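Chemist: Listed here are the chains, written in short residue letters.
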Amino acid sequence: MTGADVLLLALGAVAVGSGVLVVTTKHLVRAGLYLVVCLGALAGDYLVLGAELVAWVQVLIYVGAVVVLLLFAVMLTRAPIGASDDLDRPGWPAALIGGGAGLGLTVLLVDAYRWGTVELPGAGSAERLGEQIFQSWVLPFEVLSVLLLSALVGAVVLSRPDIGRPRPADSTARSGVDVTTGGRR
Amino acid sequence: MRPVIPYVTAALLFGLGVYGVLRRRNAVLVLMAVELMLNAVNLILVTADTTARAVLPHSGQVFALFVIVLAAAEIGVGLAIVLQLYRLRATVAVDEVALTEPAVSTRTVGQDVEAGR
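For the protein sequence lines, the chains are A and B, in the order given.
Counting from 1, position 33 in the first sequence corresponds to residue 33 in my numbering; the numbering is continuous, with no gaps.
Counting from 1, position 98 in the second sequence corresponds to residue 98 in my numbering; the numbering is continuous, with no gaps.
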């Protein structure tokens, strides 16, 4: 057991423990906050594994942006503040399939790697990853930028019910929609 | 470095994500469980980058970056759908969503929505 192993064990335990809390807690907002802990522990894992750029991108995008979006969604859907009892469906099929998937993958990976060791390669700094992305993976990178743009446009279209629909004569005034349609008719 | 530790972490996180997606009723919590699964895959990619000596160095980390970008796009569209669902039905419970079109369906849930417009 080297120092890296101890760190990986501790961070993995934190990640799995807070992951358990994410899927079992009765508080909606606390689920989001446990998700922050889980994703932060995973960012620490990436740092130990030498993936510096991925770790900081994880902190920026996941902990910074995705969790904030999720918490916004929790608030916009008028989630109750305290504990709520109607968050879960009957549990045993989910426990069966989820436990089966998790334990099956665990057995598979433990059988494949046993207790062997590998040397950590050089750190994945921004310079090296940038060389790889802009030399070998430049086409997927560009396709991904197009995908991000289309996802952005799709999200805007989805959240504006007045786009792409023939306008009825009696404008069914929903809240927050009519502000933007003044000049378009 | 023993690669079995992060691999087992990732496997357990993936199982937790599957459990959460199947167990939770609230759509936002389902999205959180999906994030857990995506992060498990990311951890496997980053760990595989250290164990497998690929022709192109750091391919696993590049893939992890791509998956992070895909997850950002997914969460944007997913939350737009969830908020639209909340605006239409005033609930985000995924097992109360009718799977058929309200105009075609003769079920009471669909008729409720049509009458509410």
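Hints are supplied without guarantee of correctness; some may be wrong.
Said to hold, decoys possible - Quick list of simulated restraints, FRET-style, between CB atoms:
hint, chain 1, residue 1, chain 2, residue 2, range
1, B, 88, A, 139, 37 to 45 Å
2, B, 53, A, 3, 18 to 26 Å
3, B, 93, A, 126, 38 to 46 Å
4, B, 53, A, 154, 25 to 33 Å
5, B, 70, A, 72, 42 to 50 Å
6, A, 126, B, 55, 44 to 52 Å
7, A, 13, B, 90, 17 to 25 Å
Simulated from the structure, these hints should not be mistaken for laboratory data.
This one's a predicted model, so the numbers in the text were calculated from it and none came from an experiment.
Note that beta-carbon positions come from the ideal geometry of N, C-alpha and C, so glycine has one too.
Chemist: Does each hint hold? Answer for all of them.
Modeler: Hints, verified against the model:
no.	hint	in the structure
1	88/B / 139/A: 37 to 45 Å	39 Å, holds
2	53/B / 3/A: 18 to 26 Å	24 Å, holds
3	93/B / 126/A: 38 to 46 Å	43 Å, holds
4	53/B / 154/A: 25 to 33 Å	39 Å, violated
5	70/B / 72/A: 42 to 50 Å	20 Å, violated
6	126/A / 55/B: 44 to 52 Å	22 Å, violated
7	13/A / 90/B: 17 to 25 Å	40 Å, violated
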